[in-house]
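Participant: Using the sequences plus the hints, can you model the full thing?
Quick note, the sequences are listed as chains A and B, same order.
If you count the first sequence from 1, position 21 lands on 21 in my numbering, and the numbers rise without skipping.
If you count the second sequence from 1, position 120 lands on 120 in my numbering, and the numbers rise without skipping.
It is worth saying that the hints were derived from the structure and are not from the lab.
Hints are supplied without guarantee of correctness; some may be wrong.
Stated by the list, open to error - Straight-line C-alpha distance at most 25 Å; calculated BS3-like pairs for lysine-lysine:
| # | chain 1 | residue 1 | chain 2 | residue 2 |
| --- | --- | --- | --- | --- |
| 1 | B | Lys-6 | A | Lys-2 |
| 2 | B | Lys-13 | B | Lys-78 |
| 3 | B | Lys-13 | B | Lys-62 |
| 4 | A | Lys-2 | B | Lys-5 |
| 5 | A | Lys-25 | A | Lys-72 |
| 6 | A | Lys-72 | A | Lys-2 |
Said to hold, decoys possible - Between beta-carbon pairs, the in silico distance windows are:
| # | chain 1 | residue 1 | chain 2 | residue 2 | range |
| --- | --- | --- | --- | --- | --- |
| 7 | A | Gly-97 | B | Pro-98 | 41 to 47 Å |
| 8 | A | Gln-93 | B | Asn-69 | 34 to 40 Å |
| 9 | B | Asp-112 | A | Gly-113 | 25 to 31 Å |
| 10 | B | Pro-66 | A | His-32 | 39 to 45 Å |
| 11 | A | Gly-111 | B | Phe-64 | 16 to 22 Å |
| 12 | A | Asn-22 | B | Thr-92 | 41 to 47 Å |
| 13 | B | Asn-69 | A | Gly-97 | 33 to 39 Å |
| 14 | A | Gly-97 | B | Ala-109 | 48 to 54 Å |
| 15 | B | Asp-94 | A | Gly-113 | 32 to 38 Å |
Note that this is a predicted model, so its numbers are computed, not measured.
From the three backbone atoms N, C-alpha and C, an ideal C-beta is built for every residue, glycine too.
Chain residues, written in single-letter form:
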Amino acid sequence: MKFGIQINEGPYTHEASTTALNFVKAALEAGHEIFRVFFYHDGVNNGTRYTTPPQDDRNIVAAWSELAAEHKLDLVVCVAAAQRRGIVDEGEQERNGKDGNNIADGFRISGLGQLIEAGIQSERLVVFGD
Amino acid sequence: MSETKKFLFVNRKAPYGTIYAWESLEVVLISAAFEQDARMAFIDDGVYQIAKGQDTSELGIKNFSPTYNALGDYDINKIYVEKESLEARGLTVDDLLPLTYEDEDDDWAEKDSIKVVSSAELAELMDQSDVILSF
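Facilitator: Encoded structure:
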C-alpha cells in the first residue's frame, strides 16, 4: 500500500512525530511505500538540524534524516508554517534576507499543495497530531 | 492529476488559543486549486470557528472568520456541522455565519452551504471520504 503521512506536532512536546517515525519504519519493513511525509503546524520543527537533545534522549530530527537517506523518503516542510516558525533553507534564507538556515538533511521546504497531492496520490493519508 | 477524491477537512478546535483552525483553513483554500471534492466538518469546539460575531480586538490576533465567507467562491460548499456539538454548547445554526454559495446548476441561486448533521451521519460521511485531514 502507498501511504501519505502528515505530522502536525513538533518533535518533543507531543509524541506524534515519534509515533509517525515508528509507523513509517514498520510500514517500510512490511513492504509498503511511503509517498511523502508532510510536516505541518508545529510539525515543521521536526526539520531543524539545530535540535540538540540530551545524550540519553532520542534525536528525532536525526532519526528522520537517517530514515530519509536510507529509504529515499520525501520529507516536506510546509513553507507557510515554516516561515512563521523560523525553519529556513538556503532558498528561504535568500528570499527573506536571513543570516542563516537550519533545515536538516533530507528535508525540503515546499507548499501546501504537496499535502493535497499526497492525499490524491496515496491510498491512505495518515495524520499524526494532537 | 486528473483523479478526483473526496476530501474531508475535520475541524475540532476553537478558532483562537491554538493555530490549528487558521492553518486548517489555509489548507482548505489551497485544496480548491486541485479541483477535488472538498468538504468540511466542524465538531467539538470546532463549531466556534464559524460562529457569528467574532471579535478578537482584545486578543491582538487577527479575526480570520470573514475568510470562511469566501469558501463558496472557492466551490467549497459542503460544510457539515455536528448537531450534538452545537447542542452541547447551547448553539443553533442561527449562531453560525450564514455561509452560502451560488449554484451554477440552478441559475446561480444562492444556497446555504451549512448542513447540520448528527454524529451518526458524520460517521457515515467520514466512511465515504477518501482522504480525511483532521485539525
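Participant: Honestly, which of those hints from before does the structure not fit?
Facilitator: none
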